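Let the hints inform the model, and build the full structure from the sequences given.
8 protein chains.
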Amino acid sequence: MDESVQGVLLDYSRGARIGLPEAVFCEGKSAGRLLSLLERGLNKESPILFTRLSAEAFASAPENIRAAYDYHELSRTAFAERLPPKKIGSVSIVSAGSADAAVVWEAARTLEYLGIAANVYEDNGVAGLWRLTSKLEAIASAEAIIIAAGLDAALASVLGGLTGKPLFAVPTSTGYGMAKGGESALCSMLVSCAPGIGVMNIDNGYGAACAAARVINLLNHAIETDGK
Amino acid sequence: MDESVQGVLLDYSRGARIGLPEAVFCEGKSAGRLLSLLERGLNKESPILFTRLSAEAFASAPENIRAAYDYHELSRTAFAERLPPKKIGSVSIVSAGSADAAVVWEAARTLEYLGIAANVYEDNGVAGLWRLTSKLEAIASAEAIIIAAGLDAALASVLGGLTGKPLFAVPTSTGYGMAKGGESALCSMLVSCAPGIGVMNIDNGYGAACAAARVINLLNHAIETDGK
Amino acid sequence: MDESVQGVLLDYSRGARIGLPEAVFCEGKSAGRLLSLLERGLNKESPILFTRLSAEAFASAPENIRAAYDYHELSRTAFAERLPPKKIGSVSIVSAGSADAAVVWEAARTLEYLGIAANVYEDNGVAGLWRLTSKLEAIASAEAIIIAAGLDAALASVLGGLTGKPLFAVPTSTGYGMAKGGESALCSMLVSCAPGIGVMNIDNGYGAACAAARVINLLNHAIETDGK
Amino acid sequence: MDESVQGVLLDYSRGARIGLPEAVFCEGKSAGRLLSLLERGLNKESPILFTRLSAEAFASAPENIRAAYDYHELSRTAFAERLPPKKIGSVSIVSAGSADAAVVWEAARTLEYLGIAANVYEDNGVAGLWRLTSKLEAIASAEAIIIAAGLDAALASVLGGLTGKPLFAVPTSTGYGMAKGGESALCSMLVSCAPGIGVMNIDNGYGAACAAARVINLLNHAIETDGK
Amino acid sequence: MDESVQGVLLDYSRGARIGLPEAVFCEGKSAGRLLSLLERGLNKESPILFTRLSAEAFASAPENIRAAYDYHELSRTAFAERLPPKKIGSVSIVSAGSADAAVVWEAARTLEYLGIAANVYEDNGVAGLWRLTSKLEAIASAEAIIIAAGLDAALASVLGGLTGKPLFAVPTSTGYGMAKGGESALCSMLVSCAPGIGVMNIDNGYGAACAAARVINLLNHAIETDGK
Amino acid sequence: MDESVQGVLLDYSRGARIGLPEAVFCEGKSAGRLLSLLERGLNKESPILFTRLSAEAFASAPENIRAAYDYHELSRTAFAERLPPKKIGSVSIVSAGSADAAVVWEAARTLEYLGIAANVYEDNGVAGLWRLTSKLEAIASAEAIIIAAGLDAALASVLGGLTGKPLFAVPTSTGYGMAKGGESALCSMLVSCAPGIGVMNIDNGYGAACAAARVINLLNHAIETDGK
Amino acid sequence: MDESVQGVLLDYSRGARIGLPEAVFCEGKSAGRLLSLLERGLNKESPILFTRLSAEAFASAPENIRAAYDYHELSRTAFAERLPPKKIGSVSIVSAGSADAAVVWEAARTLEYLGIAANVYEDNGVAGLWRLTSKLEAIASAEAIIIAAGLDAALASVLGGLTGKPLFAVPTSTGYGMAKGGESALCSMLVSCAPGIGVMNIDNGYGAACAAARVINLLNHAIETDGK
Amino acid sequence: MDESVQGVLLDYSRGARIGLPEAVFCEGKSAGRLLSLLERGLNKESPILFTRLSAEAFASAPENIRAAYDYHELSRTAFAERLPPKKIGSVSIVSAGSADAAVVWEAARTLEYLGIAANVYEDNGVAGLWRLTSKLEAIASAEAIIIAAGLDAALASVLGGLTGKPLFAVPTSTGYGMAKGGESALCSMLVSCAPGIGVMNIDNGYGAACAAARVINLLNHAIETDGK
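Protein chains in written order, with my numbering: chain A, 1 to 228; chain B, 1001 to 1228; chain C, 2001 to 2228; chain D, 3001 to 3228; chain E, 4001 to 4228; chain F, 5001 to 5228; chain G, 6001 to 6228; chain H, 7001 to 7228.
In case anyone wonders, no lab produced these hints; they're calculated from the structure.
Just to be clear, a hint being listed does not mean it is correct.
Here are the in silico distance ranges between beta carbons for each label pair [to be verified]:
#1 G/Glu-6039 - H/Ala-7117: 22 to 32 Å
#2 A/Glu-56 - H/Lys-7135: 29 to 39 Å
#3 G/Thr-6133 - A/Leu-9: 47 to 57 Å
#4 G/His-6221 - H/Asp-7070: 48 to 58 Å
#5 C/Ser-2046 - A/Ala-55: 47 to 57 Å
#6 H/Leu-7136 - G/Glu-6224: 38 to 48 Å
Computed from a predicted model, the values in this text were never measured in an experiment.
For every residue, glycine included, the Cβ atom is placed at its ideal position computed from N, Cα and C.
Okay, here's the thing in structure tokens:
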């Protein structure tokens, strides 16, 4: 039985089709396979965003490969080249606590890769409400907002009631016991009393960035078209 | 086989032992049994609080029994006599939405029965934050606070970060889908980022009132003792 | 104890604050309370959208009140007045099967209320893939897309891979057994292999419409601002 | 993209606002971040309680920092300075088995930090009922009682029926199989047949201590006020 | 397609094989099928115990059939003939609250049918511990003990630590919210700190009686054999 | 704060009270505490059974302590002295697969410690039905039967329909995926179509042995009493 | 907004594409919609199988429509015309108890509609093993076997170890408590110790029949091709 | 107590009985036991397939044993001898992503062992639909199809609607958060809108191969018989 047919069939056309180029989720992939993918990602015609790429896994690549990449440890992301910057639009990324940082920065780095401006606002848990309200105006001035929060995820509801901008909420796996690895935060966000929040899978900072990018891309397209 | 041994063995000594007299949970009890209990509850030596007593069930009792009771439909509670009023202490009962009303009033009525002053503040969901902040001072002036909220239950975290008073939170079964009959609100309250909130079973307004009463009773006892 | 303080504290300022006026979820509210709310909803300054308003509940209102409302049975929605139509932008609402109709139309009616154009495309389950592909161009021409699907919710992944427009997915409670009242569809959507889909609570057509409206409102605002 | 904005925004005003100063949950924080927080915690104006601080993590701090702290290994807590002792009130901390010790001592240490007297009574599982009854009088003489129990958590119900003092119950993650990491104990406590028990998240000894502190703080305030 | 092959294939030989004759669970069976089974149950060679037979369902049988049966409404059981009484052994059936009565009496009636003596002790919830301790000697004098309890099911652990007799515990579906239809009581019993309790399915009073009967039957067999 | 009050309060009187002497569950206990307990267990007046005692943990005890104990690695049990052998009665321990061996031998060793004869029959999964039927007569000749099975746990139902002896079933955590760590086996046993099976917590071989011991102890007591 | 676009888009080409013509799941469909579908189903070019069609719903159709259909109440199925009979192959449908009858007959009727021979064997629960073994030869002589069982679903494992024929198992929602509406049976089947059983959704007799039909259709195609 | 009776009772007759010879699941087995089983597997009369045999575990066997085996690391399978090739029939194994490779190759290797031809088609996730459609004809030309997919498992529904061949779907434990270790993929497959898909336990590539083998074996038997 020949295992060589078992390759990775990347969806290179995705960037052209939906504006979000192929990304590779690295967790659970072997060193050999990752190396092969890192080599492919250097091809300018088909850039790749690597997510969940641990420092250990990245370190196992040869020095020349590593040098070609922009690697960011906290967010565990890497890319060799980013898309051209969008003309308009920026995204605010707001978190409840510093434990949400890995998710926050996965979103920030994905947006950076997609050519979209982003600002990060950390540690705004609603038990200290003043931390959020003092930054509200800046946060709400963006064209889309990403909220990363674990535990009770109350930040999503409070912020959702204070701004009409498109909102994407990422539950994080922060906490213990009945935090249930983020499931409680997820449910809180889904049943939020604030209307119109789009919810992502637990810890999926990448997905939230893609959702925000769909909005920013639409906006750029509309402005361009409108200019005609 | 003789079924007559199957009686209800009320714990009449509970009032003396822990300051919270016997209560009867009426759901699922037959009309015959309820009538017999309503008759026993008229004995001044051993008052009974009836909870989850539906209007239909209460209506099936004879007129003279009904007349002897103070029945409250929204909270589904009844009692014939209440405990003497406590010297000091009051409880604020705060809810997120009007759908929590049955729970709110079950707590209010239980406190009334126990001789404890209570004030009700409804419809303070954090998606409209101004509704809470405008009443905060009044709410926080009480000696204990009960919070009833369903869905994301974000109210508990926001309020818990704004006051140092003893707090008891009751998740309510409001909502649909991932509200899971109140389980999501329960989890949000248990993992709240605000410290020191005691959580009750879903829809258990009675239990929250008893928890608050333990605090008010302690306070009254301390003041009395201190006065000596 | 005075129950009269127990009123409904509507968040009338929400429309101004976030562009989505107050909505009332009618399930579980008493006839008396619904009538009082239907009366308030006739005030032009503070319009209200009624959701989950059953035909039976609506029928219990007096004729003159009913006549003032636009009631839609399948979606169980009512409103007396809708917001002025937005200048640009439309929303495609796509469903997997005819069992998703109530959710589809709740979204459609909410958009109508918010002054946003919407087109409905039903019965596109991927087991008959041709049903979707034949309509793809029309669906993807809108500025935002709502997907309502139950069971395996595979439609969200297929469509998410075919368009770059903002996507909001509503799992529906269609099916039996391991469909688990929509929880399986919800999970499928959250872990979709297509990137950037914002997911709503089960059966929450209203929420999906609000999420789409946040995008359309942003777009209108951007175009207006850009025009200056 | 500048990561330096990603700091920890401590809620230093919490102590003044609600009487429970900021605490830092250490699990999952990097050594660098912990060290920086340990340095901040030496500032007398803004004391910090460290919880879930493992011996390994604490050992990685420099000797002079470690020397400034009172570290307690079993409870994994550290603080440099404690609040002034409260004038009145003490807390009993009662556990079902010796496996609950880490939770018991997290509560005890938190109370010590908050200036509140506490007594610990371990190993009172109700399968050997004499162990509890022989100590009941001492346990119930405190102003608030914390119960830590895993498995069936039957201790909460038995004790809740024997005393009228404020009770806060912490389910512990003791056991295997259907103990479900403490979820079964949590449910037992929430549905306890004893009225008025406030329940905390699994293993949350810190939270139970804060809940008890809310009661003791109230009592001290009341006595002070009353003395005027 | 011929449906007539669809009969009920009773396991008449079970009584001879394991000492527990065939029983029919009536819930969900059509009136026609129940009638046919009630007719078969009158055959002395193959007695049948009917469980979960509602008063309505029984009432739909013809008068002459009903007259031949001993029907018991609270337990929803019926049988025409019982097995000969066992020479030795009796079973104590102990419950936590009056809401467990249907389960208690299903067990009691099953034992009656199997020719085994049983005594019922209701309403011994451990929140009023004196109710149990005052009857302990009588309860523990039996050869096997059945415990029916819902909610926290703490009764099983307390009693299990006080007697060495074979114990079979039935969780009941009493309560609401996190009682989860008896699942919390089930888990409490399974992880009880008292050793050697055999647990049954929720509300399965019939099963508990069969488990106790296996013990009593063994005892009778041993005594008989020993006498030889 | 003095930690020395934190001792282990063993229930030494349990052996006299219920015939099952104290046992110590070793998982999660520190080396120091285990050593102290192993020393106490050498006191003949108060024997202790150690369960879940890993080879590593046992090896850390000094040689003279280890020499005084009968340690059994597969079952992870140790005891210094066993109870005197019972006059009559033996227990069959039957398993579905060789993966259940640790549970099987925990039960066997507990019975050995309690002075009760036991025979082990492994690898009788019903997918190869002949393995069970060929040993049925020997298995069923015992006075009590313990069944250890994971996965579908079908062995419990098949055996429960073939013998009238007291049966105690232990679900094991064998398997992966929807075996859910033994929860599926547990549910299968609880809803078994064979009547009167007492079910234990997942992997609780110790508990099953105690349940069987309650039956054997009763039998010995009955025979002795009968002889008088 | 025009609701008329909301039609049902039947996948008429499915029969040609995969050999299994369109089926309509009737639960939750309105009377009007069902009638319209029943009318379409009379078209010989595009036959429809109706499943979960209650007697009440069918009765609401006009007499002439009803007369054109073969309706079967127990299975809640209807069809006007069946596919031509297959040349070879038959299916055995085996159930554990008479409570599984609705599922059994839904499968039987679906096969009848598809032109495939089927034989039904009910009431073979393994607690009475002789009921299965006595019919084994007949059951195993078919080309595919469907097993419908609830509760512990042990029948699937026993039968799966006795025959090498393609096996499709349908868990049924029989039972109460930890039967969890069929989820326990589902898990038992998925983790069965017998290899190669394909499992269907709970109560999905229709799906099991389709799975068996895929096998029978393949066989007929192979034989035909082979004959050439 | 003699542990030597604790052997492994292999079901050697299974191959003859159902055409699928004994397989050994290696996870959790000790090195000693695995070695003994690897020795037995060299007996030509009773071949054994080893699954979940890690490279480490295999490496611990002596060189001469290892040399006698065909070991495959990715699939963690080993066998010494395979069954004679079947005359007709092949199986397509289709996966959604490269993370499913271990499951895919466990299925492929099991089929190889059973003498059945198999072709592997990896990386056909429906978010890039063209990857599947371009290979559809080849995939559907086989006599049975195995689908391995995690996350939303939408591939099963899309493929199930495009071919009438027997389909067996294996959910994989790919993903994080609400992928729930494969449970979401499992549910999606069970409630798939495509009819007649037989579902296996999570990650059970071995089981899917056995299910497909039951079909191929049937086909070979039918053709042989037909030829007579």
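Tested hints:
Judged by the Cβ atoms, the range 22 to 32 Å given for G/Glu-6039 and H/Ala-7117 is violated: they are separated by roughly 48 Å. About 36 Å separates the C-beta atoms of A/Glu-56 and H/Lys-7135, a value consistent with the hinted range of 29 to 39 Å. Between G/Thr-6133 and A/Leu-9, the C-beta spacing of about 50 Å keeps the proposed range 47 to 57 Å intact. In this structure the supplied range 48 to 58 Å is violated for G/His-6221 paired with H/Asp-7070, their Cβ-Cβ distance being about 34 Å.
Hint check: C/Ser-2046 to A/Ala-55, Cβ distance near 55 Å, so the stated range 47 to 57 Å holds. Restraint check, H/Leu-7136 to G/Glu-6224: a C-beta distance of roughly 23 Å breaks the suggested window 38 to 48 Å.
Violated hints for the displayed structure, listed by number in ascending order: 1, 4 and 6.
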